[in-house]
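Visitor: One letter stands for each residue in the lines below.
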Amino acid sequence: MRARAPLVQCITNFVAMNTAANVLLAAGASPAMLHAAEETLEFTPLAQALSINIGTPSPHWAAGMKAAAGAARAAGLPWVLDPVAVGATSYRQALCGDLLALEPAVIRGNASEILALAGAAARGKGADSADPVEAAEAAARALAQRSWAVVAVTGPVDYVTDGTRAWRVHNGDPMMPKVTALGCSLTALVAAFVAVEAADRAEATVAALACFGLAGEIAARGASGPGSFAVALIDALHAMTPEALDLGARVEPS
Amino acid sequence: MRARAPLVQCITNFVAMNTAANVLLAAGASPAMLHAAEETLEFTPLAQALSINIGTPSPHWAAGMKAAAGAARAAGLPWVLDPVAVGATSYRQALCGDLLALEPAVIRGNASEILALAGAAARGKGADSADPVEAAEAAARALAQRSWAVVAVTGPVDYVTDGTRAWRVHNGDPMMPKVTALGCSLTALVAAFVAVEAADRAEATVAALACFGLAGEIAARGASGPGSFAVALIDALHAMTPEALDLGARVEPS
Amino acid sequence: MRARAPLVQCITNFVAMNTAANVLLAAGASPAMLHAAEETLEFTPLAQALSINIGTPSPHWAAGMKAAAGAARAAGLPWVLDPVAVGATSYRQALCGDLLALEPAVIRGNASEILALAGAAARGKGADSADPVEAAEAAARALAQRSWAVVAVTGPVDYVTDGTRAWRVHNGDPMMPKVTALGCSLTALVAAFVAVEAADRAEATVAALACFGLAGEIAARGASGPGSFAVALIDALHAMTPEALDLGARVEPS
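Protein chains in written order, with our numbering: chain D, 975 to 1228; chain F, 975 to 1228; chain V, 975 to 1228.
The hints are simulated quantities; they were obtained by calculation from the structure and are not laboratory data. Please note that a few of the clues may not be correct.
Derived coverage of chain V by chain D (criterion: at least 3 residues anywhere in the stretch with Cβ under 8 Å from a Cβ of chain D; other residues may be distant) [said to hold, decoys possible]: (1) 977 to 989; (2) 1009 to 1015; (3) 1025 to 1031; (4) 1153 to 1166; (5) 1198 to 1204; (6) 1214 to 1225.
Beta carbons: idealized from backbone N, C-alpha and C, even for Gly.
With these hints in hand, go ahead and build the complete structure from the sequences.
Guide: Shown next, in the form of structure tokens:
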């Protein structure tokens, strides 16, 4: 990652913009946060991966997301979809339907979001999940098979599947959902991992989740609350080495 | 608050978006930061309260604010107005006029903003107040009586009135105005308190102001400047208990 | 700076909004982050300086930038241009062409951006420079002579020129490019310095760069990574005194 410093375009929400860029920088990637349809057709093909998070959508941004995803598909560039609160409004459902048709390489969401995206009943309110990860595993497999995307359901224990293989990632810390935009930033990190490990997008996704969760475990050691935890998480990502990740990753095939 | 975890929709400015979400999470609420008219009519009735801050307005956002406030009023949902720099431009004055007609439950601003909103002469420049809190007390009472809203004027000592009763809140720290978006985040916190203590919106507002100010006092103890202060404030909000708030609140009827 | 507390209007990107406001507050300035064409004609003449950063452009924001720059020029107000990733898309090139015609007092960018703005070949990808500062010195001088603006090329060693005189600023720390939005925030700080030291805009620019770089050096002493570094940088800016700046500035005429 640090040797390649992949250029990752992020179209994300207003809440996550700064945190996602800092997460990418700390991990060794080069973030590019542009979003407008007016310039993305020209820019996206220059990137190594694209991350799209629909957190604070509006018509102009939705147009930019679709233009960027289309440009990525045309250029053979992997892109990652984060369907924030997709079950909350029909506007989000329609937008995600359009984006799914543009063939994301990876989809990352919480259990309620993956359930809603797969067309199942979900109970999420706002951006928080009201469903446990296990409840979304079958939906994740079905969605992966239908969309040809790797699907990651994140929560206390993450579940990743490409429709055939599956993994559970046990890394993470209970403080993580107490800091806003960490899920959104993880999506951007998945895009960076997929950019440098394109041969196996499922394994790249698993590695990104383990890396982020392990950084959270390290950050929690010295933190006194979500404020100091968020600061320490960036420090821990920056200090992460491949050796530390190999030692600390807690991944099991499922 | 933590037991109820109220869903609070925030339409706030680009500067405050991340901080306001983290303040709500640290306090135990569940933030939802969506703003577009295209989806807010469907979403707002699902929330327990709404917070609107006009800090970085534009036509599309203004339309979303009015749609959300209208949906909140129709659903009987309390909403809080933060009229940032309302005296600075006629665009903001017109927007706040439209929003006032949609009956906010609480209005929170600095002295210059409350003076301007009440139609009095104000001297604020940008988002900072140039008037002392005391100079806005009569305007706050008049505005509360005219609008049926609780009005909170924040500054070194805060003043809260529902037009009949009034309180002064002495909590806070001089470092707070040195960190951007803390006033905006306080507005979101007021919405969260009003969501869980709907029976008396004035007392809920007073409690939110005391809680935020007390967290500031605690944060200041170990901080070496506004950077570390902002981090410690989130930690202090997260660690706050009802008992600590009862002990530390410095509120007097006025 | 602290005695004058200049009102600095910032039209910046979504990533930098919060950080830039906190940098201005820590340095003693008063930030105003409004951007819409609908209100900027009325507001800009009230400010003491204007900072425009094109980082996340779109048509509505571009219109606001041009309106604000035009209002600043009409009012004799100095304004600073940050041409983020101008070489990346023709949309950014056209926008910067329009903005250059509105006569910025200072232009600050990395080497790739200044090369692209001056019409030379640049190799930057996204917002990061792929060219060394030295490679952009001749382009900076030519751009300064053509535009009558002070041009600052920032990097490991900064280069500042007004087309006749030139300086190198050696302050800074290798951690600075690992935190997003620091360049954008520096542009806002340059605007604040130019507001209070209008007599010599080149010297004001040099002072802003030295101040920010020195704060970075101080922050690096206790930081364990880019997260804690960003927090400490705000603390260090807030603690900076004119005496400390005089002692720590490492500036040489070129």
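Visitor: Hint by hint, say whether it matches the structure.
Guide: Structure-based check of all given hints:
1. Check on the segment 977 to 989 of chain V: 3 of its residues sit with their Cβ under 8 Å from a Cβ of chain D, so the three-residue criterion for coverage holds.
2. Look at the segment 1009 to 1015 of chain V against chain D: 0 of its residues bring a Cβ nearer than 8 Å to a Cβ of that chain, fewer than three, so the hint is violated.
3. Residues of the segment 1025 to 1031 of chain V lying with their CB closer than 8 Å to a CB of chain D number 3, which satisfies the three-residue condition for coverage.
4. Residues of the segment 1153 to 1166 of chain V with a Cβ under 8 Å from some Cβ of chain D number 3, which satisfies the need for three, so the listed coverage holds.
5. A stretch counts as covered by a chain when three or more of its residues have a beta carbon under 8 Å from one of that chain; for the segment 1198 to 1204 of chain V and chain D the count is 6, and the coverage holds.
6. For the segment 1214 to 1225 of chain V, the proposed coverage by chain D is not satisfied: 0 residues have a C-beta within less than 8 Å of a C-beta in that chain, short of the threshold of three.
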